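**Q** For the record, the sequence lines run as chains E and F. Read the first sequence against the numbering used here and you will find it ends at 293, with the numbers running on by one and no gaps. Read the second sequence against the numbering used here and you will find it ends at 1189, with the numbers running on by one and no gaps.
Be careful, since some hints might not be right.
To be verified - Per label pair, the in silico range of CB-to-CB distance:
#1 F:1101 x E:137: 27 to 35 Å
#2 F:1105 x E:81: 31 to 39 Å
#3 E:45 x F:1084: 51 to 59 Å
#4 F:1084 x E:163: 51 to 59 Å
#5 E:36 x F:1084: 18 to 26 Å
#6 F:1060 x E:278: 49 to 57 Å
#7 E:133 x F:1128: 26 to 34 Å
#8 F:1089 x E:117: 37 to 45 Å
#9 F:1132 x E:200: 13 to 21 Å
#10 E:81 x F:1162: 28 to 36 Å
#11 E:278 x F:1084: 48 to 56 Å
Hints were generated in silico from the structure; no laboratory data involved. Model, not experiment: these values are computed from the prediction. Yeah, the Cβ is synthetic: ideal placement off N, Cα and C, and Gly gets one too.
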Amino acid sequence: MTQSGQYNFAYLDEDTKRMIRRALLKAVAVPGYQVPFASREMPMPYGWGTGGVQVTAACLCPEDVLKVIDQGADDTTNAVSIRRFFQRTAGVAVTERTGEATVIQTRHRIPETPLSEGQILVYQVPIPEPLRFLEPRETETRRMHALEDYGLMHVRLYEDIARHGAIATSYAYPVKVEGRYVMDPSPIPKFDNPKLSDCPALQLFGAGREQRIYALPPHTAVVSLDFEDHPFEPSKADHLCALCGAEDSYLDEVITDDAGGRMFVCSDTDYCAERRAAGHRGDMAAPFEEAGA
Amino acid sequence: MDSAALQGGFADPPVESARAFRAVLDAMARPGTIRRVTGAAPPAPLSVAAGVLLLVLTDRTTPVWLAPSHDHADVRDWIAFQTGAPIAAPGGAAFALGDWAGLRPPGRFPTGTPDYPDRSVTLIVEQTVLRAEGARLTGPGIAGAAALNLPETAAFAENRARFPLGFDCYFTAGERLAALPRSTRVEAG
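One chain only, chain E, in its complex shape (with noise of 0.2 Å):
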């Protein structure tokens, strides 16, 4: 009753949170290892980031400044929703600005703006075992995770070549930890795989359908599955963003006609918006945009 007097301060009442702090400080000790967690009901429904919910909860501190964000955007419905639920039941600040916080909850992307050490990147995982479409029985993929026998996805990504001439795979693209365990990153980008690895931030994952939680600490080995002869290759629409000009960023495909008409922009909203506010435009960009619109 610390916050608003309605809610216990983070919602979760505090057996639920030791449990899940329990099953995250083993996901930190086991890098990369899906540790099985007792994932409750939340308020809204699954697949709308109840896993990354619980896991930002059992971690929110009331000093924390949170960020959300939805396919690199802060705008998005549910990533203001998550955001309104954290500021109604935990009391915390929230910001859109990537420096600025403590706590950055997302979906399907890492910002642009490389993170920093006393960050924690909580992801939202639909389906955290990347063997699952190899393999539907969590009893085997269990095994095959001790014996370290991930032959089935190295067959997958063959499979790709031998179809396609190239690694199909583009987003959830599988990752080995330390040497050791096969990961699902999220369905991430590909483009965002490298940023994964030897990050100063704590990154967390909570998949809550599938009741899974697991970890890579900060500055973790963290390397894309590939081939010598066909080698991981990160990939983004080739163009610059249309609003402020990145080259460097990921993009999404805008349709704004029914003639063809297309744009690209940047998905990280943040990352757009204080290009911008520097200066920076695009070729569509608006000509006289104020300073901070």
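Here the structure of chain E is known, so what remains is to put chain F in place on it, guided by the hints.
**A** What follows is chain F alone, placed relative to chain E:
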């Protein structure tokens, strides 16, 4: 049970345990980093940091084993009242608490199974002092190398060799704590 067991918990559990957990999480994510925690006033010989760890992490579902150095009636009473954690034999312990001499050999505690390496003990090792010197630590969570005055190196190097099975440790002294997960490589400094 006398009334001493009723004292020394968090005054505002949701907020204090949230702050303490962040320090504990940071310690585990950055092995060797020494963090300060407050809010618990447990009976001697429990340190403040060990008391905080018990309050933040243990409850009815986590059996605790006490080494002889800490197996006193008032410690048991305090744990029973403040956390509800049952006292267990080493083979069934989720947490084990004491000085290193009393916790050795760590092989008698659960170290997880190949399918579920998380079903393993967490050791809370009470020390007189914590210093960032001594054993050399490398691995996940550490940029380059870190140092910590571990009670010995052989047991922790062995623990790392069994990865992903193994135990995870907190070292506590007064209000300070540091952590050593099984993923850390340990060499004599």
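**Q** Between the beta carbons of residue 45 of chain E and residue 1084 of chain F, is the distance compatible with 51 to 59 Å?
**A** violated (33 Å)
**Q** State, for the Cβ atoms of residue 1101 of chain F and residue 137 of chain E, whether the hinted interval 27 to 35 Å holds or is violated.
**A** violated (45 Å)
**Q** For residue 81 of chain E and residue 1162 of chain F, compare the CB-CB distance with the range 28 to 36 Å and indicate the outcome.
**A** violated (44 Å)
**Q** Regarding residue 1060 of chain F and residue 278 of chain E, is the given constraint of 49 to 57 Å on their beta-carbon distance met?
**A** Since the Cβ atoms of residue 1060 of chain F and residue 278 of chain E sit about 54 Å apart, the hinted range of 49 to 57 Å holds.
**Q** State, for the Cβ atoms of residue 1105 of chain F and residue 81 of chain E, whether the hinted interval 31 to 39 Å holds or is violated.
**A** violated (51 Å)
**Q** CB of residue 36 of chain E to CB of residue 1084 of chain F, is that within 18 to 26 Å?
**A** holds (22 Å)
**Q** Okay, residue 1089 of chain F versus residue 117 of chain E on CB: inside 37 to 45 Å?
**A** Since the Cβ atoms of residue 1089 of chain F and residue 117 of chain E sit about 41 Å apart, the hinted range of 37 to 45 Å holds.
**Q** Please test the hint of 51 to 59 Å on the beta carbon pair from residue 1084 of chain F and residue 163 of chain E.
**A** holds (57 Å)
**Q** If you check the beta carbons of residue 133 of chain E and residue 1128 of chain F, does the distance land in 26 to 34 Å?
**A** Given range 26 to 34 Å: violated, Cβ gap about 53 Å.
**Q** Lying within 13 to 21 Å: is that true of the beta-carbon distance residue 1132 of chain F to residue 200 of chain E?
**A** Given a distance of about 19 Å, which is inside 13 to 21 Å, the answer is holds.
**Q** For the pair residue 278 of chain E and residue 1084 of chain F, does the Cβ-Cβ distance stay inside 48 to 56 Å?
**A** Since residue 278 of chain E and residue 1084 of chain F have Cβ atoms about 55 Å apart, the given range 48 to 56 Å holds.
Hint compliance for this structure: hints 1, 2, 3, 7 and 10 are broken, all remaining hints hold.
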